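Given these sequences and hints, build the entire structure.
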Amino acid sequence: MVIIERLYTNIYYLISVVLFIIGFHTMLTHNNLLKKIMGMNIMDTSLFLFFVSIGYIRGGQAPILREGVIQYVNPVPSALILTGIVISVSFTAFALALVVLLHKQYGTIDADKIIALRSRRHA
Amino acid sequence: MHDMILEMLGRILIPATQLFGAYILFHGHLSPGGGFSGGTIIGASFIFYSLVYRFSDKKHRLKHETSLWFEVGGALIYVGSGLVGILFGRHFLTNQGVFPIGEPGRLWSSGMILLVTLGIGAKVAGTVFKLFQELLEGGAEPDGHH
Amino acid sequence: MHSLDLLLLVPILLPLFGAGLVFLSRARKRVQDALIVVTVFLTFAGTAAIYLLNPEYRLQLVFFRLVDYGLSFRPTNLGTLFALLSAGLWALISCYALSYMRHSHSQTRFSSFLLVSLSGCLGVFLAGDYFTLFLFFEIMTFAAYPLVIHDEDDEAMRAGDSYLYMGVAGGLVLLLGILMLVWSTGTADIVPALDKLQGGAISPYMVALVFLIGFGVKAGLVPLHIWIPHTYPVAPAPATALLSGVMGKTGFYGILSVLTVTLSSPLPSKGTAAIPMNIGFTLIWVALLTILCGAVMALLQKNVKRLLAYSSISQMGYVMLAVGCAAYLGAKGGLPYTAAVFHAFNHAVFKAGLFMMMGSVYLRTQSLELGKLGGMAKVLPFTAFATLVATLAVIGVPGLSGFGSKKLVQYGIEKAAAYHGEQVLTWAVWLFVLGSALTAAYLIKLYYGVFLGSYRGKLVSGAKEGVTIPAVLGLVAGSIVAVGLFPERMMGLMSRSAAGTVVNFGVMTEQLAAVKLWTVSSYTAVAVPVAIGVLVFFAARHFKFGAGTVPWWLSVEALLYRPITQGFLRFCCRYVTRVEGGICDLYDRSGTVSHSVLRRVKKLDAMLDEGYEAAQRTTSLVVDQARGLEHGVEEAYARVGHAAVETTRRMRSEGSDSDAAEQQPGAWNPQNVTLGSLVVAGVMFVVLVVLYTVGIRVLR
Amino acid sequence: MPEFMHAPVLIVAVLLLAAFITPLLGKRQAATNAVFLGAGVVALVLSVGMTLRVLAQGTLSYPVGGWPAPYGIVVLVDVFAAYSSLVLATVALIIFWFAAFGPREVRHNGAYFTLILLLTAAMQGMVMAGDLFNLFVFIEISSLAAIAIIAIKGTKESVEASFRYLVLSALGSGGLLFSIALIFMITGHLNMDYIRTTLMVTAEQYPLNLLTSIGLMVVGFGVKAALFPMHVWLPDAHSNAPTASSALLSGLVVKVYIIALMRIAYLALGLEIFALFPIRHLFLALSTGALVAGSVFAMVQDNVKRLLAFSTVAQVGCIFLGFGLFNQRAIEGGVLHILNHAVMKSLLFLTAGVIIHQSGIKKLSQFSGLGRKMPLTFAAFTIGAMSMVGVPGTAGFISKLYLALGALDADMLVFAVLILISSLLNAAYYFPIIISAFFGRDSDAEATDPAFAVLAPVAVLAGMVFFFGMFPSLMVPLVRQTALLFVR
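Chains as they are written, first to last, in numbering that gives the first Met the number 0: chain H, 0 to 122; chain C, 0 to 145; chain E, 0 to 699; chain V, 0 to 487.
The set of hints was computed from the structure by calculation and includes no laboratory data.
One or more of the hints may lead you astray.
Unchecked claim - DSSO-like cross-link-like pairs, simulated, lysine-lysine; straight-line CA separation at most 27 angstroms:
id, chain 1, residue 1, chain 2, residue 2
1, E, Lys457, E, Lys377
2, V, Lys372, E, Lys28
3, E, Lys515, E, Lys414
4, C, Lys62, V, Lys26
5, E, Lys457, E, Lys371
6, E, Lys515, E, Lys331
7, C, Lys62, H, Lys103
8, E, Lys331, E, Lys195
9, E, Lys301, E, Lys371
10, H, Lys112, H, Lys34
11, E, Lys414, E, Lys331
12, E, Lys602, H, Lys34
13, H, Lys34, H, Lys103
14, E, Lys377, E, Lys301
15, V, Lys361, H, Lys103
For clarity, every value in this text was computed on a predicted model and none was experimentally measured.
Right, here's the structure in full:
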């Protein structure tokens, strides 16, 4: 029961770690460049979840001064994550642009095939 | 090529989206929302617009320069309003004492925050649309000879 | 800063400045020549002024703080003496080079770097601390590289590689030594530091070893000499003369400074006194090895310049022997100290002279193979005479410069053998005599091979010697004779350079006064080795000893250096590739591991899927049942409703006859709303309410 | 000097402004160059002023928007930040100069300049940031811009290399953000000062969080700074970029992450906590690997830019070695090496770019005799190489000297010997190039020295190599105070 209790209280952190590992793994092991980018996004998302859940308080309200509200959610992580999302979007967009270029030049988006093509050209 | 359904939907949805985006943009300091979210929504409406007309129509096509101006203008507004603080002998991005602060809760209520939000909104809208544009048509030539 | 102190800058900056001017005036040959001559002689004049001023004024010049230690010039008497010697030889050799290189390519490069390396060399001798010394040492090493590879053929490039890498490696080892010294004593100044070193974490022996290796490369100690036999033969004669005559002396200067100044203490205690003694003892044996190796190898050579290269190694061995004795004797080492300085001085003059003389032979024959030469005495009588003087001086014939210094070295080793009663050192005396004999043998071989006999090859007719080359050679020969005639006076001059060292002046004066050079016993001491040498020479000639070449695999290079470098590189490559492979492996492995983990997860996923499916099936089953039930209930309701309607109708028809409602039983009609449907709606509403409240709870 | 109070923000703002204005100028080459170089000059002037102010009055802490520390964003310029900013501004300006007037390798110069300016602005912001999140934002901007200035060349290799860089860099960023989140979780602050004070209390309660956080941070920065086993992206990326980008990447970008890491170490974590975990030993081990592996790999390269890239791997090891030894002189050496390596590696990359552009030859085996055809260019290359080897009188000697003395101070003779061995290895791969270029047989390649405008920035860098070699005392006050920040 204690374990379940603990799992329950840390569920966000847990999920974010799991997501992080999934993203990390996808990024490292998949050959398809698009999947790599997806992995990157999953990883980023897990981090956003982690960050936001740090500042989250059960029953807290959006941090706008209003009468009758006592508990506010910590706004700092949310604000930061907004920036983080923007960064992630730009990273993704840029990565996609690179993939487009790679596809134009190599005709494939498989990392192994690209390396094979390269080494053949060098040899 | 025109798509009737898309066009009709666009006619209804684009103004509504833009209005919604503008609402979020202008109320950034009063309610959840702000430059990033509002800008993204407006940018999305631009994207929708170009999807509707499929880039085929020269007349309806948004120019690269336009989105560039959006982007650059937004950034300039941000940095510029930051520099105003220094001009007034305060710190960079100083709000209090430099910009007039109205009543709390009103639209004009928090000095330059609205200005900055607008800048960010323009920048983000421009960027989102530009990303879309570049991904569709941009990119260097295949073998790098130029 | 005294204004006279600025004089110290003249020998450093003037050649650099001159080099720049020479480079700029490359279009005009005459101006360039004039510039070179003016520069070297002005430098010589500046150095002479420093030499004359220094004992009284103690010139010193400390500059901006380079790192923590500053760039300082604080010449010792020894330093000024050798600076004077270097500048003088440099002036002579530059004049010689102007004639010698007349028809060569890239003269501007040669001349510019000649001047730059002069600056480096003088900087070493005038430096006040080891950092400055190191700086100029490296400048000299690099500036001499273009001189070495001047011919730019394959052989020269290979020799250049060996010169450069040995130079760089030696320099780095030297730097390590300096770092150790600075770290444990806190200063890089050339001052007695043994006391501080003794207390430090690094053993003084280690410091001495590192310094010996660092300077030993330049000085050509065996087994660090391998670059010399490669380099000297391929470099042009003036460059070789400088390398052997002057630049090699920087190594000697460094070792002498380290052993007699740095590794000494003003008031030696029992513990500290043993350290220089031991180091000196070791150096004596290394030096003997150097003498013998050099001499034997010289005897085996067929190329004149290579022979002289090995001879240089061997002669530097004599110098080092004296240095070792000086260190061994400590404060009583005045005599070997003087011997070392004196012999280094003499060697600089006669070896530079010999290389130049062979250069002038080369100008006429374009070859220096002993088998092809001969009979040059007729073609070049003056050179033959000068060479005879120089050769005899190397052998140590009385009346020439080598006599006094060699005699002194011999006295030094005898003194060392007598001093601490080490029996082993008496063997050293005999080895010394053997070395002298071999020296005589190879020099006879040289002179015989080049100047006597008859010449069968073709002479280059166009290459006239001009006035400069004979004049330079004459000056060298004259100075050899002059020094040889007044060795006592020279000894006095040399002994002055011991100021500031560990050597006790009083003891030294006594020792030097007791030296008797002009005695029969000393003549016989020269005559015996020479006689043995002549015997050896003829024996070698008779048995064709030295006609064959020494197998390459026997050289130190093949036995020691090549395996070490190759082994190191191979080790590095293997190790590094293994590490790199390991990293790649790690990345891969992490991929595989996570794959297997993921496979498990996938299995789990599949199981979950199955579970879901099962659940779904169950649910659908349940739902089907429920639907059936509902159907049944509905039917029941309908039947109930129907029955109720029938009943009502029957009850109504009993009252009035109307069939209108009977036609559309399903249409919406408030009258159709039955109790049953109301019940159903109520139940559904309750369920919704419950769901809503529960849902809100949950969602919150 | 109250005028320079705003300098930290203004440096970033000016560079950003210029970055946004450049694309507007379109094809007007002269105006673009003017804005580009003007921003660089202004940044340098501000940086010099700021450094003088910091030296005179101590740490400059600038609250953005006038909000005080725990709530507002604070820019914290201590000696280390001022020094780094100065190095960045100086070297970057020279590279700007080269990018503007050197051989043109990029189609859209306007976009290229925008990216370079963004990169510089982000780097300046990174070294001065006073809180972790702004640091992170600047790191991301600089990563993105750095990747973009590789891909902008548009060749197959450059795009591929930049994608690989992007993936690894994203991994590093993820790790960094995670570690920042963990620190925020423990302390509730992002401001570095407040993190330090809070950590003193809370560190003992959450050792695991802290360990994870520091580990992720070292890995994240390690990937970005190409610390030895994480350097796999560097050779491709740096060798396939346009010349100015290569110089910027190898000379500055890689080092900025080291600076950021070390700033976090002493500002945010506090040295006591930093010393709790065996990071120093990790640094020592990894930098040893870097020094040997980088040099050995450089030795077997035939492409000149790849050789230089591998040499960067080794030199990064050198800098980390200084921080790993962790005493006054070693850190001084590491910090000096940041400057010296920036100068000499930029010099080498720029000259290599000029050589490749003028002769079309990339392979070292074909360099034979080129030195006689383009003497000035190869003279500059020689100066850079000499400095890499550590010949006295050049900048490289000074930092190696400090590092070696630091190794002795730490009672680790091995590392002093290691530094000298790495010098020898450097000699073993730089000298053959020079020798074959100057004294080798003539090849039939056609090449001449480029115009003066192209060579001028290279000449300035070569002058700086000598200048910092002869007058290191100019930088010593900054470097010494920086080291004092670490070794209190």
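Please write out, lowest number first, the hints stated earlier that are contradicted by the structure.
-> Of the numbered hints, all hold.
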